[in-house]
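**Student:** These are the residues of each chain, in order.
There are 2 protein chains.
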Amino acid sequence: MNEENRREERIGGEVLFEGRMLRLERDQVRLPNGLETSREVIRHPGAVAIIALQDQHVLMVRQYRYAIAQETLEIPAGKLDPHETPLDCAERELREETGYRGTMEHISTFFTTPGFTDELMHLFLARDLVWDPLTPDEDEFLAVERIPWGEAVQSAQQSKFNDAKTVLGILLVQGLIA
Amino acid sequence: MNEENRREERIGGEVLFEGRMLRLERDQVRLPNGLETSREVIRHPGAVAIIALQDQHVLMVRQYRYAIAQETLEIPAGKLDPHETPLDCAERELREETGYRGTMEHISTFFTTPGFTDELMHLFLARDLVWDPLTPDEDEFLAVERIPWGEAVQSAQQSKFNDAKTVLGILLVQGLIA
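Each protein sequence line maps, in turn, to chains A and B.
Using my numbering, the letters of the first sequence correspond one by one to residues 1 to 178.
Using my numbering, the letters of the second sequence correspond one by one to residues 1 to 178.
Just chain A, with the same shape it has in the complex (with noise of 0.2 Å):
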């Protein structure tokens, strides 16, 4: 079966919410075998994270998670503004939550759930950092820590962290520098 024969059809939708963060869709297809069915999609306008290394560790960030009602230890991360770009998104992000900018290097670029949003996260490497806060979101509350890199990368390997593009941003970055 080829793409063509793949495809689903939009044959119709609605907006059902549209909040401060998420839309979300409901849209009536027509799939391959001629029936029809609904997809439910959180249209997200991007995000970023960073790995941010410094004299071998890498910098991090101690958060409360609403959604999963617990904190996480994950790299510096958050979403695009209107109209920014990724990598002016990142050097924002960096200094939002770590107060550090750096020479950023694009690393790779992947969808973080494509069944049900079309959340694109692109990942940088941020090195040569020298200190140059922004005032963080005033609904974020983070504490910095920086771990030495080669004890994150076998936390990544031993699934200490829970977050899925802080192990994916280690071990990719991790295959990169060894």
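Hints listed in this document are in silico derivations from the structure and should not be mistaken for laboratory results.
Treat each hint with caution, since some may be false.
[To be verified] Pair ranges (Cβ atoms, derived):
#, chain 1, residue 1, chain 2, residue 2, range
1, A, Gln56, B, Gly175, 36 to 44 Å
2, A, Thr103, B, Pro148, 34 to 42 Å
3, B, Glu9, A, Pro45, 26 to 34 Å
4, A, Thr85, B, Arg30, 14 to 22 Å
5, B, Leu87, A, Gly19, 14 to 22 Å
6, B, Leu87, A, Pro136, 38 to 46 Å
7, A, Pro82, B, His57, 41 to 49 Å
Bear in mind that the values here come from a model prediction, so they are computed numbers and not experimental data.
Virtual Cβ for every residue (Gly too), placed ideally from N, Cα, C.
Starting from the known structure of chain A, fit chain B onto it as the hints suggest.
**Tutor:** Here is chain B on its own, set in the frame of chain A:
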């Protein structure tokens, strides 16, 4: 700042949408600084993904993803049915999507995107595959591809896959079986 100080307290909320696949809630929360805001959360039943190895190849599925309007090549995956354990789900999804049953080893569990959903994904490694198909979901149209394991690892490292769980899963399993 300790965890207690970063916690966001729920002070109210509503279900905005309950669909076939997703439930969207908007909660009113009190932030650590005493201010109030809203948090939009997608409630998700949880999911599994499977690295299925056979004769130095990994089984992957090519499918059309409506949310991103393109085909992807991903490792087999799917959502938990009500009351289904992650292990049962992994066995069911692998049989539905590839036709194979395997011995399952739990590798990792992680949140896919804790910024806006509680989706928890359980990653399994399947080996000793035997043909034992289940009927696929009627709205899923998949093509199974057998990719040489070394080629899959290289593709993951070079960001030739664009699905987060696929890259994460391959890199994680590569570290375990290398």
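**Student:** For which of the previously enumerated hints does the structure constitute a violation, in increasing order of number?
**Tutor:** Hints 1, 4 and 5 contradicted; others consistent.
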